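So the protein sequences, as listed, match chains W and B. For the first sequence, this note's numbering gives the first residue as 28, with consecutive numbering after it. For the second sequence, this note's numbering gives the first residue as 11, with consecutive numbering after it.
In case anyone wonders, no lab produced these hints; they're calculated from the structure. Please read all numbers here as calculations on a predicted model, not as lab measurements. Hints are supplied without guarantee of correctness; some may be wrong.
Claimed, not checked - List time: in silico SDA-like cross-link candidates among lysine to any residue, alpha-carbon distance up to 20 Å: (1) W:Lys140 x B:Phe24; (2) B:Lys87 x W:Thr207; (3) W:Lys140 x B:Leu63; (4) W:Lys140 x B:Gly25; (5) B:Lys220 x B:Phe24.
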Amino acid sequence: MAIVMAAEETAVQQMRRKPRAQVGSILLRVALIAAVLYLALPLLATLAFSLATVWSRTVLPEGYTLEWYVAAVMDDRFWPTTLRTLQATLGAAIISPLLVAPALLAVHLRAPKWKPWLEFLSIVPWALPGVVLALAMIRAYISPFNVSRPGLLILTYVLLSLPFMFRSIDASLSAIDARTLSEAAQMLGAGWFDIGRRILLPGIMPGLMSGVLLIAALGAGEFALASLMAGSGWKTFPIYQAQAQGVDGRIASALAIIGLLYVLVVSLLLLFVAGRNRSGTGAAGMPLVNK
Amino acid sequence: MGASLQVRDLYKSFGEAAAVNDVSLDVSPGQFVSLLGPSGCGKTTTLRLIAGLERADEGEIIIDGREVTHIPPQRRKIGMVFQQYALFPNLTTFENVAFALRVDREPKERVASRVQELLELVHLEKAAQRYPYQLSGGMQQRVALARALAMEPPLLLLDEPLSALDAAIRDELRTELRRLQRHLDLTVIYVTHDQAEAMALSDEVVVMEKGTVSQVGTPRELYDRPATRFAAGFIGSSNRRVTRVEMAGNRPMIRWGNALLPISPNGRDERGEAVLAAWRPESATVSELTGANGSGLVGSVELITFLGPITRLDILVDGDPEPVLVDLASNTAQSFAMGQRVAVTVPPEAIRIYS
Chain W
28 MAIVMAAEET AVQQMRRKPR AQVGSILLRV ALIAAVLYLA LPLLATLAFS
78 LATVWSRTVL PEGYTLEWYV AAVMDDRFWP TTLRTLQATL GAAIISPLLV
128 APALLAVHLR APKWKPWLEF LSIVPWALPG VVLALAMIRA YISPFNVSRP
178 GLLILTYVLL SLPFMFRSID ASLSAIDART LSEAAQMLGA GWFDIGRRIL
228 LPGIMPGLMS GVLLIAALGA GEFALASLMA GSGWKTFPIY QAQAQGVDGR
278 IASALAIIGL LYVLVVSLLL LFVAGRNRSG TGAAGMPLVN K
Chain B
11 MGASLQVRDL YKSFGEAAAV NDVSLDVSPG QFVSLLGPSG CGKTTTLRLI
61 AGLERADEGE IIIDGREVTH IPPQRRKIGM VFQQYALFPN LTTFENVAFA
111 LRVDREPKER VASRVQELLE LVHLEKAAQR YPYQLSGGMQ QRVALARALA
161 MEPPLLLLDE PLSALDAAIR DELRTELRRL QRHLDLTVIY VTHDQAEAMA
211 LSDEVVVMEK GTVSQVGTPR ELYDRPATRF AAGFIGSSNR RVTRVEMAGN
261 RPMIRWGNAL LPISPNGRDE RGEAVLAAWR PESATVSELT GANGSGLVGS
311 VELITFLGPI TRLDILVDGD PEPVLVDLAS NTAQSFAMGQ RVAVTVPPEA
361 IRIYS
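Could you put the whole structure together from the sequences, leaning on the hints where they help?
Here's what the structure looks like:
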């Protein structure tokens, strides 16, 4: 009898707990839906506006069309500005790893105590206001070295890419324990060229690719420095996008969606690279399974 | 054929602390020598100095009569297995083992046949195309070993290669390692903090403490006759007390609790001096207390621990706050019970005295 009563009490307690748990679960779902809507609505509105024939007095567009996309892509400025953005990001994507990778390798292999300082240096450009950075770059490179405006923009993108490239390559080097692998390769007779080519470069490739893709995403949205540095003489895609807003909002929306699609593709590539890195190699030599 | 190794007065410091201080070794070809000691004793630094991965501040390293102290590791022709194996994660088992051969630009046929031979030696022929993350810890260790042996090095260095493995795999690989060493007639320097491992594997053990060599000897010598306080405490278990030497007539004795135990005369006059006395648990015998045997160590059985073939008795000896440990064959130990009053007899020659 006592056991039955105890079981009944437990069932009652469970029933009392259920409404509370349900309320909690409902609140969580509401919060999640609200967050998704908050983030998605502006994008959905932009997408709808870019596809609308007319949309001024109704809740949803009166009709749909692709003509604004066609107009955006057929504009004389579209391809040149897109190409310039790609050139700038490609230039930064080549120079940035060439600067960061050897520095990080040296720190990992010889001077681990210097890593915090290197990390600090990599984020200094982000600590400066955009105008200050732009003026500093102009003063440093245009007068003494006569660097062109496009070249200056590439160098600036290199500076802005430093934290991404640093973190990505540093993570790869830490994951493979570059120091121990280099020592193992040395004991097998390898010189530094062989160590770099056969072991270290393949090891940092995932981090390097991640850094390059982040630079690509950076270039697609970077407006302020591009307009300060390159100005009207060398317009990039974000500058063209900003100018289109003053002409026709629907074409500007179409350009925004095209830019977002570009970032989406880059993000998917990033996820692909990161996924391959996680499943493909694991940490160097560490016994992952001790059977 | 393995190489000979001489290390003379090696010294290496990091900042103000001397990690290796005046270390000398003499290793004959084909010997298996372990560097044994606690963490921070300098054994791994000594190994890395021999490998060339650290540069010695002073001293010489000579391999097969050739001084290599200032030669970079790539040119020392030494094989090395690291504590965490350090397999190259972007290469398959085959390519890991072939690495040294590829660096040396060996022809493809030679690479293929040598790698096949090595994989057969470590029983990993079927794992040739797997990557390190697909291998168990024991398999990774074998690959690391095969890789180190690829260029037939006359000297092989191993830095605690079994420490990351569980006990069963460790025992199996320990046996295999010894088998390989004998089969290939390699000279091996093996770093470990595990004394059972060092004793089981080695022809000779170098016990290290605080960057210096405490004692060098065969496992038997180290166990039976530890020459220093540190070696006595580090190797095996022992009962240790700080006490004084007293004379009963012409016979030297030491006080242990309320009892006086005879010790072997060692030719030195240590009367009245404070010394460390030590004896092994298995060297004593225990008997039921009678009128005839009550003059030595007498006490009560405080704890009986069954360890399989051996049973350990913790005996609280009269006048001593700390119990002594005595190991008996389990058959013999059955006749004793908790709380029983017993007499412990320690042969004089089993008691080691350290100044």
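We went through each hint and held it up to the structure:
| no. | hint | in the structure |
| --- | --- | --- |
| 1 | W:Lys140 x B:Phe24 | holds (14 Å) |
| 2 | B:Lys87 x W:Thr207 | holds (18 Å) |
| 3 | W:Lys140 x B:Leu63 | holds (19 Å) |
| 4 | W:Lys140 x B:Gly25 | holds (14 Å) |
| 5 | B:Lys220 x B:Phe24 | holds (13 Å) |
The structure fails none of the hints (numbered hints given earlier).
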